[in-house]
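Novice: Given chain E's structure and the hints, the job is docking chain V onto it.
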Amino acid sequence: MKEVLLGNAAIALGAVMAGVKVVSGYPGTPSTEILESVAKFNKEGKINVEWSTNEKAALEVAAGASYCGARTMVTMKQVGLNVASDPLMSLGIVGTKGGMVVVVADDPGPISSQTEQDTRHFGKYANLPVLDPSSPEEAYEMIRYAFELSEKIHLPVILRPTTKVCHSSGTIETDENRYDYEIEGFVKSPDRVIFPSLTYRRHLEIEEQQKEISDIFSDLSFNRIEGKGKYGIAAGGVTYAIVKDIINTYNLEFTLLKVGAVFPAPDKLYDRFLDSVEEILVLEELDPAIEEQLYHRLAVNNIKRTINGKMNGYVSPAGELRFENILEIIERFTGKEFKKNKQLSSIDLPRRSPVLCAGCPHRASFYVVKTAMRGNKSLFCGDIGCYTLGYGKPLEMTDTCLCMGAGITIAQGIKKAEPDTNVFAFIGDSTFFASGMTGLANAVYNNSNINVMVLDNSTTAMTGHQPHPGTGKTMMDTVSPEIEISKIARALNIDFVERVNPFDFTRAVIVVEEAARYEGVSVVIFEAPCVALLKTDQVCEIENCTGCKKCIREIGCPALYIKEGKVEIDDDLCTGCGLCKNVCPAECIK
Amino acid sequence: MDILISGVGGQGTVLASKVLADSRVIEGGRARTGETIGMSQRGGSVISHVRTGESYSAFIPVGGADLLLSFELIEGARNISYLKEGAHAVINTALINPVSAILGKESCDKEEIMEYISANSNVFFIDASKLAREAGAIRVVNTILIGFAYGLGLLDLSGESIEKSMSKNIRAEYLDLNLKAFRSGIKSAEGVHLN
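Chains E and V are the protein sequences, given in the same order. Using the numbering used here, the letters of the first sequence correspond one by one to residues 4 to 593. Using the numbering used here, the letters of the second sequence correspond one by one to residues 80 to 274.
The reader is advised that the hints may include incorrect statements.
[To be verified] As a list, the in silico BS3-like pairs of lysine-lysine whose alpha-carbon atoms are at most 27 Å apart:
#1 E:Lys24 / E:Lys49
#2 E:Lys247 / E:Lys342
#3 E:Lys43 / E:Lys538
#4 V:Lys247 / E:Lys538
#5 E:Lys46 / V:Lys243
#6 E:Lys5 / V:Lys247
#7 V:Lys189 / E:Lys566
#8 V:Lys189 / E:Lys553
#9 E:Lys476 / E:Lys49
#10 E:Lys343 / V:Lys163
#11 V:Lys247 / E:Lys43
#12 V:Lys247 / E:Lys49
#13 E:Lys552 / V:Lys189
#14 V:Lys243 / E:Lys569
#15 V:Lys209 / E:Lys538
#16 E:Lys566 / V:Lys259
#17 E:Lys566 / E:Lys584
#18 E:Lys342 / V:Lys163
#19 V:Lys247 / E:Lys46
#20 E:Lys43 / V:Lys243
#21 V:Lys209 / E:Lys593
#22 V:Lys163 / E:Lys339
#23 V:Lys259 / E:Lys538
#24 E:Lys373 / E:Lys396
#25 E:Lys214 / E:Lys307
#26 V:Lys243 / E:Lys5
#27 V:Lys189 / E:Lys345
#28 V:Lys259 / E:Lys345
#29 E:Lys396 / V:Lys163
#30 E:Lys345 / E:Lys233
#31 V:Lys209 / E:Lys569
#32 E:Lys247 / V:Lys163
#33 V:Lys209 / V:Lys189
#34 E:Lys380 / E:Lys396
Think of the hints as simulated: they come from the structure by calculation, not from any bench.
Only chain E is shown next, with the shape it has when bound in the complex (with noise of 0.2 Å):
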């Protein structure tokens, strides 16, 4: 059967085919869908599908199972495997059993990212194999060898999808064959117990191992020279897709080095391909990881090419690679000019960057706190999530992002360094789940005088809504009592611990009034659901506007705009939350 699927679901559903039984993940765009469509396509319940509270604990989960022989799924993005990490590298040197596979997606650009880090270098660091695929159509073939390969050396495989495969569909040919097996069960060997003594031989083990998998790589079907002539262009990911649409476009002639299973390099493979071209230019998204295989295979050979790429700055060292750019690359490679797009006459548009919904409760909990420390010094330290988006104007409540769960900890940085500032931390609750709770430990056992704002939205809205340990749902239609995070603050010694609905404004503002004036660890809990699972038709009303513009420069809810001088509100993106009721000085919003 033909079916158009989103390279996410493509990679669930060749998991599911391949006899995965277990999968975790922590969301993360761009891989958020994986593990969502498994549990779509999960109805009989056979696999156990998990949101963990972070990637380290949904890595662990995993291997845990590989131990026992059932074949394993993990999913995150790049950056959540930076957490991952610890558990990785030693994983490496235990080894597996059943098949284990790590899909983690890079977000080239970054278009939803905080960092344009390269996972292939995660496994050289880790002896790892990376299969780097091109579109859905080879995700869903890749993953299902990935599990063999796993198997096949007792490691831990790659997946590595960048946005672009994740977030494009393809039309999948799905088949019925679903490989099926027992799990074998534990079996106790002191190889699954990490000593020094241990990784000394297993490292000499993997070392060893290296060599045979790069064989196997240099004649693997994901790995193939294509074309011919003296230009050789090398691409992997999806711009190796973008490389072949320009060459059918234009009807050119390159000899073609795809490289799909890019770690250990396919030595064998780069060795011919070296020796057929004369000019060479390498094509790939992040980091020049190819290129670096190619300088490698030209020194171990012993010969000379020039090769064109990131290195020698032919090719710019961050962002996507466009057909565009890539079309103007090839013609500098080639000295040919292909195409002159027409000419248009020129508008200067808006920009319209993402912004809090109308409605959003993270905007009544940023102005809640804006209006209740108006005149302090005050400092705002953000984290990851829908509420980053507080830093733009008319907020401006964002004055740090690092990454997940570190708004609690540099404020405390901040406060020791400068004492007199009242130093706020804004942290959602899913994200207080995966990395909050050891941080906020910190504040309390070092005294710190902090004031953490929970933003409980009861949801993980930013990747689409992901349940975690607060909602009390699993991705296994199971209920589990839900974790309470005022409890959590409690039994971490804080006796400041409020909740407040940011709605209920003028209580709010009172609260955290208090909560700055209070000595040592204050967490004032904002509980509203996210707006976007809220169904209402409740709109505001708009009487006699004075014309003031009040309300749009303090709150700049997408619902109000101006209209012949006036503000009017927009009944299509309302929601009737009432908060720009608490800013007009002339009462006019019903």
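Specialist: Then chain V, alone, in the frame of chain E:
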């Protein structure tokens, strides 16, 4: 056929591209889509690529689209450069003010934007937001525009396969509303001639 869909996060570009891609597969062909998912979904500019012919990647090059469907006026103007010479655009005349414009930092003149679009493409404007509200909900702007483009003869897909695809991709409780919107879009195209 290469179709670019543009809009504001939340307007349903992803669903529209899935409906079109699946229609092609229902007819026995293949399709690709490329989506904007993630942070931009929170009210930012979004585009979806739909390719129903042979290609390796899902991404339509600038100057390569056979059709631009825009669910919002400014986003239509922003993506005009994707169109091939002489290709058609079908654009909702309703404008959603970006917060930067509301705050008075950047200007946003509807007439000027429509003139720019007309000067640089073969465009059909339609107040799809008004029709969507009449059909029952603002969120069916996407299906109104698909219906309008289909009614104009700009989609190389059959109405039957589009409706089949809609019933496959849209939740049962919203299907009737969307079918009504699709047909309302088709009706609006009656008597409108391709230029």
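Novice: Now look at each hint and say whether the structure bears it out.
Specialist: Tested hints:
Simply put, Lys24 of chain E and Lys49 of chain E have alpha-carbon atoms about 7 Å apart, close enough for the 27 Å limit, and the pair holds. With a C-alpha separation of about 16 Å, the suggested pair Lys247 of chain E and Lys342 of chain E falls inside the 27 Å cut-off, and the hint holds. Our distance criterion of 27 Å between C-alpha atoms is met by Lys43 of chain E and Lys538 of chain E, whose separation comes to about 24 Å. Only pairs whose Cα atoms come within 27 Å are accepted, and Lys247 of chain V paired with Lys538 of chain E is accepted, the gap being roughly 24 Å.
The suggested pairing of Lys46 of chain E with Lys243 of chain V holds, with an alpha-carbon distance near 24 Å, which does not exceed 27 Å. A distance of roughly 14 Å separates the Cα atoms of Lys5 of chain E and Lys247 of chain V; the hinted pair therefore holds under the 27 Å criterion. Taking the CA atoms of Lys189 of chain V and Lys566 of chain E, the gap is near 13 Å; set against the 27 Å cutoff, the hint holds. This hinted pair checks out: Lys189 of chain V and Lys553 of chain E have alpha carbons roughly 24 Å apart, not beyond 27 Å.
In summary, the hint linking Lys476 of chain E to Lys49 of chain E is supported, as the alpha carbons are separated by about 19 Å, within the 27 Å threshold. Between Lys343 of chain E and Lys163 of chain V the CA atoms are separated by roughly 12 Å; this keeps the pair inside 27 Å, and the hint holds. Of the supplied pair hints, the one linking Lys247 of chain V and Lys43 of chain E holds, its CA atoms being roughly 15 Å apart against a limit of 27 Å. The straight-line distance between the Cα atoms of Lys247 of chain V and Lys49 of chain E is roughly 25 Å, inside the 27 Å bound, and the hint therefore holds.
With a C-alpha separation of about 21 Å, the suggested pairing of Lys552 of chain E with Lys189 of chain V holds against the 27 Å cut-off. Between Lys243 of chain V and Lys569 of chain E the alpha-carbon distance is near 46 Å, which puts this suggested pair outside the 27 Å criterion. With a C-alpha separation of about 21 Å, the suggested pair Lys209 of chain V and Lys538 of chain E falls inside the 27 Å cut-off, and the hint holds. Distance restraint check for Lys566 of chain E and Lys259 of chain V: the Cα-Cα separation of roughly 32 Å exceeds the 27 Å cut-off, and the hinted pair is therefore not satisfied.
At most 27 Å may separate the alpha-carbon atoms for a hinted pair to count; Lys566 of chain E and Lys584 of chain E meet this at roughly 19 Å. Restraint check for Lys342 of chain E and Lys163 of chain V: the C-alpha separation of about 12 Å stays at or below 27 Å, so the hint holds. Restraint check for Lys247 of chain V and Lys46 of chain E: the C-alpha separation of about 18 Å stays at or below 27 Å, so the hint holds. For a cut-off of 27 Å, the pair hint linking Lys43 of chain E to Lys243 of chain V stands: about 21 Å separates their Cα positions.
For the proposed pair Lys209 of chain V and Lys593 of chain E, the alpha carbon gap of about 25 Å is at most 27 Å, so the pair holds. Distance restraint check for Lys163 of chain V and Lys339 of chain E: the Cα-Cα separation of roughly 22 Å lies within the 27 Å cut-off, and the hinted pair is therefore satisfied. Our distance criterion of 27 Å between C-alpha atoms is met by Lys259 of chain V and Lys538 of chain E, whose separation comes to about 22 Å. For the hint pairing Lys373 of chain E with Lys396 of chain E, the CA-to-CA distance comes to about 13 Å; that is within 27 Å, so the pair holds.
Distance restraint check for Lys214 of chain E and Lys307 of chain E: the Cα-Cα separation of roughly 24 Å lies within the 27 Å cut-off, and the hinted pair is therefore satisfied. Between Lys243 of chain V and Lys5 of chain E the alpha-carbon distance is near 15 Å, which keeps this suggested pair within the 27 Å criterion. Distance restraint check for Lys189 of chain V and Lys345 of chain E: the Cα-Cα separation of roughly 24 Å lies within the 27 Å cut-off, and the hinted pair is therefore satisfied. For the given pair, Lys259 of chain V sits about 39 Å from Lys345 of chain E by alpha-carbon distance, which is inconsistent with the 27 Å threshold.
This hinted pair does not check out: Lys396 of chain E and Lys163 of chain V have alpha carbons roughly 37 Å apart, beyond 27 Å. Taking the CA atoms of Lys345 of chain E and Lys233 of chain E, the gap is about 32 Å. The hint is violated against a cut of 27 Å. Pair hint Lys209 of chain V plus Lys569 of chain E holds up; C-alpha atoms about 22 Å apart against a cutoff of 27 Å. Our distance criterion of 27 Å between C-alpha atoms is met by Lys247 of chain E and Lys163 of chain V, whose separation comes to about 20 Å.
Under the criterion of a C-alpha separation no larger than 27 Å, the hint pairing Lys209 of chain V with Lys189 of chain V is consistent with the structure, at around 16 Å. Among the hinted pairs, Lys380 of chain E with Lys396 of chain E is consistent with the structure: their alpha-carbon atoms are about 19 Å apart, no more than 27 Å.
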